[in-house]
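As a plain string of letters, each chain reads:
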Amino acid sequence: MKTLFKILGRKKILIASTLMATLLAPLANAANYVVDTKGAHASVNFKIKHLGYSWLTGRFDRFDGKFSYDPANVGASKIEMNIDASSINTNHAERNKHLKSGDFLETNKFANAKFVSTKITDKGNGKLAINGTLSLHGVNKDIVIDAQKVGEGKDPWGGYRVGFSGTTVLTLKDFGIKMDLGPASAQVYMELYVEGIRQ
Amino acid sequence: MKNTTSHYGWLTITLHWLSAIIIFSLFALGFWMVDLTYYDAWYKEAPHLHKSIGICLLFLMVFRFIWRKKQVQPEALKTHSPIERKAGHAVHILLYVLFFLIAVSGYLISTADGRGIEVFQLFTVPGFGSFIDDQEDIAGVVHEYLAYSLIALALLHALAACKHHFIDKDITLKRMLAWRKTN
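Line by line, the protein sequences give chains B and U. Note that this note's numbering has the first sequence beginning at 1, numbered continuously upward. Note that this note's numbering has the second sequence beginning at 1, numbered continuously upward.
In short, the hints are calculated from the structure, not lab data. The model shown is predicted, which means the values in this text are computed figures rather than measured ones. Among the hints, a few may not be true.
To be verified - With a straight-line cut-off of 30 Å between C-alpha atoms, the simulated DSBU-like cross-links for lysine-lysine are:
(1) B/49 - U/86
(2) U/2 - B/173
(3) U/44 - U/169
(4) B/66 - B/123
(5) U/44 - B/109
To be verified - Negatives, chain U to chain B, calculated, CB over 12 Å:
(6) 51
(7) 115
(8) 160
Said to hold, decoys possible - Okay, the calculated beta carbon distance ranges per label pair:
(9) B/119 - U/40: 39 to 49 Å
(10) B/112 - U/43: 22 to 32 Å
(11) B/57 - U/43: 14 to 24 Å
Note that beta-carbon positions come from the ideal geometry of N, C-alpha and C, so glycine has one too.
This is chain B alone, in the form it adopts within the complex (with noise of 0.2 Å):
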């Protein structure tokens, strides 16, 4: 090493790292991101009216996922979730149960649920439409996310950051689920808060 410093002089190589980095810049702008799952900068949660006259508010506790995401081509951006069903957790544990057994997602029979993006569309202003195929209850079905992006940045301890929220709305018929909850609640609104961290 000490030999090639000599040979090359620091300045050459300084000029050689800036190239390369130059380089492999439109590279590093199609950045990897897994969702910070471990720090728990991350949500699927969802609401559904209750009765018509309130909102029931409950999340998935346990899912990781990983996306890829370029601000100079969003439509070249992926994301892949997955969801473990039995996490559903709605601060009841009998209602949790009812909601894991066969009246709802039968966990037993359909542990996880998966979305996985197949287009997503750049609408401006931070806003992105993102097509794909969501696997719940032994159901596949393509839906929407209506996304916003929140933010993007370093973040104080080296790493490199970029956050999402999105929501949809999914009707519980269209995924098999038997209960009858009552003509207000037929569908469920799903919130999500992604936040990546770049790999």
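Go by the hints and put chain U onto chain B.
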């Protein structure tokens, strides 16, 4: 009130039939309530009743078990064969074991989130949260299958009593019905 070596006392008899009636009622209630639709008038009330009665029954059964331990047990009839004596005793013990396991598993379902169990809006049995992952699901499966087992075993127990009454024509069943004569 007390048992003798040949007969059951009235407290033992009362406790036996009272718990039998409550256990079968609770089973029926539980079996029925799990399929209620969301808008059924009983959707909220039936589980509340099931839990309230269940907790009271648990207290009753603890008392019954202590009472049993403090009492002489009437001896088996001379006509009972050794295998009948052993099988009968084993079934009695197993009925108690199943009951207590069902009570505990039921408690573990409702208290998995730390909520207590409200008994007839009179008092609340405290909850201590989850001891294992997915406690409400595991306890739920245990509660269900042990309940079926208990009912099956109780029916076998009743069938055996009927066999003694109708086929052997002995006083096995009559003793539990406060029959006072010795044969």
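| message | Please list, smallest to largest, the hint numbers that this structure does not respect. | response | 1, 2, 3, 6 and 7
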